[in-house]
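As a plain string of letters, each chain reads:
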Amino acid sequence: MDVKALILLDETATTAHLGSDGAADELPLLLIDVLGRPVLHRLADRLPQFAISEVGVVTNLNSQSAALRKTMPDVKWTSVSGPAIWRAAENKFSEFAQAGAELVIVIRPGAFAELDFDDLIQFHLDQRGRVTCVRDRDEKPLEVFVISASRRNDAAFLFRHQLQEFRVPCVNYAFGGYCNHLSSNADLRRLTVDGLLQRAQIVPTGTQVRPGVWIGEGAHIHRGARILAPAFIGAHAKIRAAAVITRCSTLEHHAEVDCGTVVEDSNILPYTYVGAGLDVAHSIVGFRRLTNLRRNVEVEITDAKLVNTVSSHAPLRALADAASLATFLPVQVLRGLLARPHHGPAPLLPKAVQAPSAALSTPKLQSEGGSAQKTQFPADLAVARRYGNE
Amino acid sequence: MNSRPNGRPNSRPVVVKRMPERLDQKNARSFLREVNPFIQSDRPQLVFDLSQVKHLDAAGVDLLLHCMAVSMKRDGDLKLAAVSPQAAAILELTRTDRLFEIYETCTDAVRSFTYFLPNAMKHFVFPMVRSLENYVPAAVEDGAASASDSRDDTGQAA
Chain A
66 MDVKALILLD
76 ETATTAHLGS
86 DGAADELPLL
96 LIDVLGRPVL
106 HRLADRLPQF
116 AISEVGVVTN
126 LNSQSAALRK
136 TMPDVKWTSV
146 SGPAIWRAAE
156 NKFSEFAQAG
166 AELVIVIRPG
176 AFAELDFDDL
186 IQFHLDQRGR
196 VTCVRDRDEK
206 PLEVFVISAS
216 RRNDAAFLFR
226 HQLQEFRVPC
236 VNYAFGGYCN
246 HLSSNADLRR
256 LTVDGLLQRA
266 QIVPTGTQVR
276 PGVWIGEGAH
286 IHRGARILAP
296 AFIGAHAKIR
306 AAAVITRCST
316 LEHHAEVDCG
326 TVVEDSNILP
336 YTYVGAGLDV
346 AHSIVGFRRL
356 TNLRRNVEVE
366 ITDAKLVNTV
376 SSHAPLRALA
386 DAASLATFLP
396 VQVLRGLLAR
406 PHHGPAPLLP
416 KAVQAPSAAL
426 STPKLQSEGG
436 SAQKTQFPAD
446 LAVARRYGNE
Chain B
2 MNSRPNGRPN
12 SRPVVVKRMP
22 ERLDQKNARS
32 FLREVNPFIQ
42 SDRPQLVFDL
52 SQVKHLDAAG
62 VDLLLHCMAV
72 SMKRDGDLKL
82 AAVSPQAAAI
92 LELTRTDRLF
102 EIYETCTDAV
112 RSFTYFLPNA
122 MKHFVFPMVR
132 SLENYVPAAV
142 EDGAASASDS
152 RDDTGQAA
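Protein chains in written order, with our numbering: chain A, 66 to 455; chain B, 2 to 159.
These are calculated hints, taken from the structure and not from any lab test. No experiment lies behind these values; they were computed from the predicted model shown. Keep in mind that the hints are not guaranteed to be accurate.
Think about it this way: if two alpha-carbon atoms lie no more than 20 Å apart in a straight line, the pair counts; the simulated PhoX-like pairs of lysine-lysine are [unchecked claim]:
#1 A:370 to B:27
#2 A:303 to A:205
#3 A:370 to B:55
#4 B:27 to B:55
#5 B:74 to B:27
Excised from the complex, chain A in its bound form:
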């Protein structure tokens, strides 16, 4: 049986964005790296395992689509603008049907669900329905549909109503496995923890160097840094001296943690620099933002000493490193020359302080008797032990 998959990447999807205050650099959560690979990529990797012959993506995320195409070369991309995505999806469905597909799985990725597509296809065939809709335990739709390729009108109706209405009542497939709706930043963090604790089938992209610690290719970890399991260090990440990574924390690829910083129960996103001597706890840090999950607040950080973005281009990164190395010594010399002296002349000590202590003079008993044998305690001297019963 020929089964093809159609992924709809819609900018108006219900998936939360990092930087949800309308910033230009906001990114859907399914495009953010989790344990080395974004959720969307993991979905695209997973589909061929279920004998799905072809995967096509229709997107209106034009700002990210160029970068996504490079990272997903096996997928056929169709980029459109704005609401034209539904017309493009309809055309793509017809194209799949003409190419001989018998079933088309339509996915609008908003949630991460570990679906067994074989079981889903079998359910659809057994029910002999036109459209099968996948719902989670709470009857909430996961926006995954199986459509018989011969039912073009049903598919067109579904696309024209933005996957919200059906031409005829659909068959519901209840999914009881692991599901994360990725509706907030806390969900992203929960997915990371579930992956590290192996509650979800998300395999960190790296080598497990010791139980619970995965390290990606080319990561630089200083000998004085400490990593407590479970933790994930992405490819080409840098951890400097005395830094501590603990409590299910992850550093994605090309992230940097400077000296003495403690990262606890946090995600450091790709190309993020975290400054020295900081305490990052219960947070997602990236894109010059810090999302504190415990306080439920997102803070924009403009100070490059605290959080900064590293260039994604390797030559620029090398140039920046060389420039900082070359300017280090002159900057320190200038700082030393221009700085105000902190230490003034030492104040003169008063005479009483400079005089030798009375305790250092000759003991009185020795000076009076002249010899040690004649030394006697005065009669009126009482000696008492502070503790004990004697």
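Got chain A sorted already, so can you dock chain B onto it with the hints?
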């Protein structure tokens, strides 16, 4: 508010200053110029209201530490009040939250110069204090026990 528990008035004023929404290098300088006369006074008592602060960077944190250092050199103190979640996140990030006394409201902060207010700080950045809410020291337990014993004795005697 300006009187001590023993009834004697506290003549030293407590200065409450609201911090601007954005506390970067430029704003920190102007803010320091404003508060400089207060922190240079004898035994200054200052409260900074951080309820409006949305952006705080290293210069802002440096300003807070500078003000606290100068105040303490002059035998005074600086306390923070009504810290916004954004400012609290930065203070926690830079590990400076543990250096300041932080109160929920300005009133609590001002009163703390005269009275000890253990309950005023418990809902903020010190989660460990929450776990101590139900903690009863052994000495207090003993005291309570002896008091109840004495009541029993009194009851029997009556």
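Q | Violating hint indices (sorted, rising) | A | 2 and 5
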